[in-house]
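Chains as they are written, first to last, in my numbering: chain A, 835 to 1260; chain B, 615 to 787; chain C, 21 to 259.
Don't take every hint at face value.
[To be verified] Heads up, incomplete: computed chain A residues facing chain B, CB under 7 Å, no partners named:
(1) T844
(2) Y848
(3) R1139
[Stated by the list, open to error] Quick list of in silico lysine-lysine cross-link-like pairs, PhoX-like style, CA-CA up to 25 Å:
(4) A:K1217 <-> B:K700
(5) A:K1230 <-> A:K1217
(6) A:K1042 <-> C:K209
(7) A:K1042 <-> C:K29
(8) A:K1217 <-> B:K694
(9) B:K672 <-> A:K1217
(10) C:K209 <-> C:K30
(11) A:K836 <-> C:K253
(12) A:K1230 <-> A:K1202
(13) A:K1179 <-> A:K1233
[Stated by the list, open to error] So these bits of chain B aren't anywhere near chain A, every CB distance computed over 12 Å:
(14) G625
(15) G703
(16) T750
(17) E756
Derived by calculation from the structure, the hints in this document are not laboratory data.
Note that the structure is a prediction, hence the values are computed from the model and not measured.
Cβ coordinates follow ideal geometry from the N, Cα and C atoms, glycine included.
The residues making up each chain are set out below.
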Amino acid sequence: MKANPRDVFTGTYYIDGDVAAAYGALAAGCKFLGGYPITPSTEAAEAFARKAPYVGAQFIQMEDELGSIASVLGASWSGKKSMTITSGPGYSLMMENIGLGAAMEIPFVIINIQRSGPSTGVPTSTGQADIMQSKWGANGDYEVIALAPESPQESFDFAIKAFNLAERYRVPVMFMADECVGHMTEKVVIPDASEIEVEPRRFYQGKKEEYIPYRRDQDLVPPIVKAGDGYHLYITGLTHDERGYPLLDHRSLPKIEKAKVIHKKSTNPYLVDKIRKNKDEIIEMQEDHLEDAEVVIVSYGITSRVAYRAFEQARQEGIKVGMLRLITVWPFPDDRIAELAKKVKGFVVPEINYGQIVFEVDRCSHGKANTILVPHGGASVHKPDDILGAIKKIVKDNKKYEQVIEYTTTLEKTIFKGSLTEKIKK
Amino acid sequence: MTEMRFAGFGGQGIIRSGIILGRAISIYDHGFATMNQSFGPEARGGACSSQMVISDTKVLYPYVSRTDFLIAMSQEGYDKFIDELKEDGTLIIDSDLVKPKTDKKIFGIPSTRIAEELGNRIIANVVMLGFMTAVTKVVSVEAMKKTIPESVPQRFIELNIEAFDRGYHYRAE
Amino acid sequence: MDPIIEIFKKGVESSQCDQKDICMVTDIAYHPEVTDYLGMDLFHTSRGRAIPFATGMKLANPRLKLAVFIGDLATLGGNHFVHAGRRNMDIHVICINHYHYKKVGGEYAPGVFPRVPLSPYGSFDEPLNIPHLARSCGAVYVARWTLLHANQLSHAIAESLRKTGFSVVDVISNEPDILDFYFQHSEIKNGEDTLNVKIVPDGKIIVGQFVDRERPNFIDSYNEQMTKVLGDKFVKIEV
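Modelling step: build the complete structure from the supplied sequences, incorporating the hints.
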């Protein structure tokens, strides 16, 4: 389906990643934003609030992030594409209801403009340290989709992509930008609505009396209905069967006839299966020069841009290096990494944290290739030279490391033990 | 690749200057311009700055490290960022507000005074943009003249264009 | 069926609202069959987040009427209660106070009088004056009844559903013997100043309808403000 022309602010802009994300969400047909302002994501909410009344969308500043995310879940059940916008501390507060959203299989999007540091951290500086939290931040098993844009233009494009994926798979989608992208101002081209593909909500089409809320067909994603349309929905965060009825020890629901509840199967496995089994359709990567690569840089978000400069320099110096950029960080491209691990010397993983995705890369390489982390504490981005140094180290050492190695300009240490094994001056 | 920093204090239109320049370059001159604002405690009321990386190809590293141009509209901005300016870099200042102590190349213009002559000190940044356009040549005059009307309220367009011209044609001492 | 559900059903019927438009939002589990019994949807949200969940539902589809069932408030989600009242969000809160949590068997909560496992040495905390909180936050309708005042309670629920704004019915409930004790010790004082209806250990439990007033609700105020500023350009959210 094409985007509604009313929702698309076609034109060429010079705007930051925050604003671009809001315009992307609107273009995707987002009609509800429940949020609470938090640096560095506030500009996105402001942009949405300015445009919302022109396109039949509703913005509300809720009382806190707990309320924000709960309102988003409710709004999505009312049949509207919905999202919230936040950063680290707010994101942490939202975790419980992200779990509820995953369990109820609600399509919604969370825009998280990552700041640096744990807790309050540094509100105005960049980081990529929420990336593991985005995967399994709430309790219990579930899977999400996470996207990492590297520019304001991608902020716009990926916001649309995020909504399309959320609606397609009835899943929370995490838009994991970082402060650098959020506050970076660049040219953004918003195309004509006729050039924007949006996924409409997959409403149930059959007979009302035959509707079973969580009954799914081959693609594992059940069709959805709206609240208040006479389906007598029973929707709960309790583990439920395909009717949505809780699967509990019958003692806690004394009046229920045992047979009615117990014989039904839990829908929990589908919360992970609908993503894992459809991952080939979901996963997007950008690959460059992987055919002959001996060293592969695996990166995402703003780090990809900086890494690209290191990639160019290394190629100029004759080093066979390739780029693998994660567009969807979750689900993770396990198979692709495993395949590459068999033929390359090593992976270089720069990220603005002290090591998160690097361990995913290491896990998928099954000990076949080296993995070097180029960590960064935030507030800025990597120096391309640091990434280049790590590439050169793999080439120069030409041996198999025992563990994930951390590479910085001044020292190298093994992670896990936290001990410095050797110090090298660059 | 050209790295540039605008520095001044809140209310001088420092961020706005960056947006106008970046827009002119990336939309009308078809170049690449990535702007980043300096946030943090210093952005509230006191010193503020915006940094810009200009290139013919996609900007990969979004922050400035060694600037080619420093446009200082306040003494504090000058003091804070002068060391970042390359040895052969160019310093552009509001000559009434900044007293430089450097042997680097300097171009000065009393932009705030000119803006006051034009009737509104708030357009000092546009005077400076005109002057900067002439000195740095990182952007075409045509692009700037297309961008400015899009960036200011309708009733101030003429005044802003006049301010830009005064700056552009100012002969630096 | 749970007595409160039966009373609620009577309230819905006498309110003459279309039950299809009503959705129940709760933060504890009810028997799944209540959806067929009442002929409406039920959303069982996370603990304490029923009010903002309902707020989102209401804003995204203003046709809906949201009956929000919550438990002992001002613990989990108290802030949402306060701000839904301030906004005069058009939702209808039915706050069922067991004065200890009946379903999970005696957790300590504000307002506990008897000894329960989590206050093994008796309680000393004062209970919150819920009607007064609701009134001071801006609720347009506030009433309190025990579950044994079945007729008055279903009437109050009907009245509350007819309001367009934040309305609160404080329901005093418990196991039958304690509830009977509460009933015996209640006193009907319609129109009483909510300042005087706090529940104290040795005093009477004041029940009745305390507040019935009009205030502009959130959605009407929003629409009015946007129309004032944007005129024809304002597009309301589709129902």
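> Since E756 (chain B) was said not to touch the interface, does its Cβ keep a gap of more than 12 Å from each Cβ of chain A?
Replying inline: Label holds. Min Cβ-Cβ 16 Å, cutoff 12 Å.
> Does T750 (chain B) really sit off the interface, with its C-beta more than 12 Å from all C-beta atoms of chain A?
Replying inline: 18 Å, holds
>> A cut-off of 12 Å on Cβ-Cβ distance, and G625 (chain B) was said to be off the interface with chain A. Does that hold?
In response: 19 Å, holds
> Under the criterion of a CB-CB separation shorter than 7 Å, is Y848 (chain A) in contact with chain B as hinted?
Replying inline: 4 Å, holds
>> Hint check: K209 (chain C) vs K30 (chain C), CA-CA at most 25 Å. Holds or violated?
In response: 23 Å, holds
>> With the threshold set at 25 Å, check whether the alpha-carbon distance from K1179 (chain A) to K1233 (chain A) stays at or below it.
In response: 8 Å, holds
> Would the pair K1217 (chain A) and K700 (chain B) pass a check requiring their Cα atoms to be no farther apart than 25 Å?
Replying inline: 18 Å, holds
> Is K1230 (chain A) close enough to K1202 (chain A), meaning Cα to Cα at most 25 Å?
Replying inline: Within the cut-off at roughly 18 Å; holds.
> Is K836 (chain A) within 25 Å of K253 (chain C), Cα to Cα?
Replying inline: The given pair, whose Cα atoms are some 23 Å apart, holds under the 25 Å limit.
> Is the straight-line distance between the alpha-carbon of K1217 (chain A) and that of K694 (chain B) 25 Å or less?
Replying inline: 22 Å, holds
>> Between the alpha carbons of K1042 (chain A) and K29 (chain C), is the straight-line distance 25 Å or under?
In response: 23 Å, holds
> Taking only the CA atoms, is the gap from K672 (chain B) to K1217 (chain A) under or equal to 25 Å?
Replying inline: 17 Å, holds
Of the numbered hints given earlier, the model fails hints 1 and 6; all others are met.
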